[in-house]
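S.K.: As a plain string of letters, each chain reads:
Protein chains: 2
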Amino acid sequence: MIDRNAPIGVFDSGVGGLTVMKEIMHQIPSEKVVYFGDTARVPYGNKSKETVTKFSRQIVHFLQTRNVKAIVVACNTASAYALDELEKEVEVPIIGVVKPGAKVAVEATRNGKIGVIATEGTISSAIYERYIKELNKNVNVIEKACPLFVPLAEEGLWRDPVTDEIARRYLTELIDIDIDTLVLGCTHYPLIRETVGKIMGEGVTLVNPAYETARELKKLLEQENLLREKEPELGDNQYQFFVSDASEKFKRFANSIIKYGILSAKTINIEEY
Amino acid sequence: MIDRNAPIGVFDSGVGGLTVMKEIMHQIPSEKVVYFGDTARVPYGNKSKETVTKFSRQIVHFLQTRNVKAIVVACNTASAYALDELEKEVEVPIIGVVKPGAKVAVEATRNGKIGVIATEGTISSAIYERYIKELNKNVNVIEKACPLFVPLAEEGLWRDPVTDEIARRYLTELIDIDIDTLVLGCTHYPLIRETVGKIMGEGVTLVNPAYETARELKKLLEQENLLREKEPELGDNQYQFFVSDASEKFKRFANSIIKYGILSAKTINIEEY
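Taken in sequence, the protein lines are chains A and B. When you line the first sequence up against the numbering used here, it's residues 73 to 345, in that order. When you line the second sequence up against the numbering used here, it's residues 73 to 345, in that order.
Bound conformation, chain A alone (with noise of 0.2 Å):
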């Protein structure tokens, strides 16, 4: 029996599953949502299938003794290699970002050809592909490792000639190829949004699986008869973080997504779990 009024478990390799926090935080304001971020181990995007399900495994483990209803994926990577295996490991729905914004993705192309740009790990799963093709199997999917825009993106450098020039690199093949869909397939890639924006240009949907995934978060946890009964109360904790390391970079980072409270965030041995 699953408490409707437990609070909801969100995790990433780091800051970038913010972006998803914040959609969940906007999209159903009354929920209790606790947030992992793995700061210690971050990034997931250029390692292996069995060291990113071990860490996800082991956040997933920590998600369950702060009794979570729910646990959201919230990093693209872990969703791709690790979601299959800890679906049938736990009890609580869980869900990733790459079937929502697959979804989203067959809705809205038009010519059939949709790309994806992601971390090498997303890419090498081609998971985005099987969702996509599951959907709609005469969809064309072409899709990109774009490993410089995660660093790029936490140097700040969202609007920089440096950061125009390194996705015009990435980015050409899928013009030349006339996509008119493109997924944001990791969580950091909205930061540098209007860069790969104006590289695209207009006739290009750049989809952001962030907000999708919200939404399926909330119809799920209507289907199941989870959503919370009542508005949290003042000193209920809505909102709490947990790291791995609390380092000075991820505080400053953290805050240029979420305003909320980031830097009370605790660390945690994630080993531990």
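Honestly, the hints are just simulated from the structure, not real lab data. It should be emphasised that the depicted structure is a prediction, and the values quoted were computed from it without experimental measurement. Note that CB positions come from ideal geometry on N, CA and C, so glycine has one too. Misleading hints may appear alongside valid ones.
As the list claims (entries may be wrong) - Partial pick of chain A residues on the chain B-facing surface, computed with a CB cut under 8 Å: (1) 98; (2) 101; (3) 112; (4) 113; (5) 119; (6) 123; (7) 220; (8) 223; (9) 234; (10) 237; (11) 238; (12) 317; (13) 343.
Please arrange chain B on chain A, whose structure you already have, making use of the hints.
M.R.: Okay, now just chain B, sitting in the frame of chain A:
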């Protein structure tokens, strides 16, 4: 009683330390070496002192299970944050890359103005300044964190207009201050040495601590009577590589630094140590 025929242990957050390993292979070619790269948790450069120390301690425990006769902390951030602690905890000689780098820099400068470029962790520890001032308190030390150099080097953009542009931004203030010596205070930086040299100009001496670290190691082994007595024999596994994550990216990048059997690196679960 330390066995002088035992291997030397070398570790880094990832593959950057292979630049130090390479120098050891050149300068003391009879020695056996066990290398560990913490590829599951790389990078260390933007993580806290507590986390870097914990990770480094686990790695030292692992190296001790391989009965190493000496340990080289081939990572500037780990040397900066963890070496003082580790020295108290291990019986065998342990050296980092910072002190040797500081020494050469002091010997090299003529105008008494030394620049240090490194990760955010190394710079915020101010360890280069501390060691340099211990050697000569009249030297001025100007430190600058260059967080994008590691991802750019890992993407192979060693000679590229983007790396030029980023280097120009980081280094301008060091040029303005008129330093005559620049420490490459991160094991990745020798890979972009050419770019850094071009921006700094011919009058500036670039110091690569890897070379000096191997020299110091050799001297230390001599002093302690720990140099290996005989040449390793065929089938002796002179060089052994261990990693915490066996990603494809690691293999590709490692092979671009060093050519010796990296493909046969063994993966271990470092969290167990």
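S.K.: If a hint holds in the structure, say so; if it doesn't, say that too.
M.R.: Results of checking the hints against the structure:
{"no.": "1", "hint": "98", "in the structure": "violated, 29 Å"}
{"no.": "2", "hint": "101", "in the structure": "violated, 32 Å"}
{"no.": "3", "hint": "112", "in the structure": "holds, 5 Å"}
{"no.": "4", "hint": "113", "in the structure": "holds, 5 Å"}
{"no.": "5", "hint": "119", "in the structure": "holds, 5 Å"}
{"no.": "6", "hint": "123", "in the structure": "holds, 4 Å"}
{"no.": "7", "hint": "220", "in the structure": "holds, 6 Å"}
{"no.": "8", "hint": "223", "in the structure": "holds, 4 Å"}
{"no.": "9", "hint": "234", "in the structure": "holds, 6 Å"}
{"no.": "10", "hint": "237", "in the structure": "holds, 6 Å"}
{"no.": "11", "hint": "238", "in the structure": "holds, 6 Å"}
{"no.": "12", "hint": "317", "in the structure": "holds, 4 Å"}
{"no.": "13", "hint": "343", "in the structure": "holds, 5 Å"}
Violated hints, listed in ascending order, are 1 and 2; each of the other numbered hints is respected by the structure.
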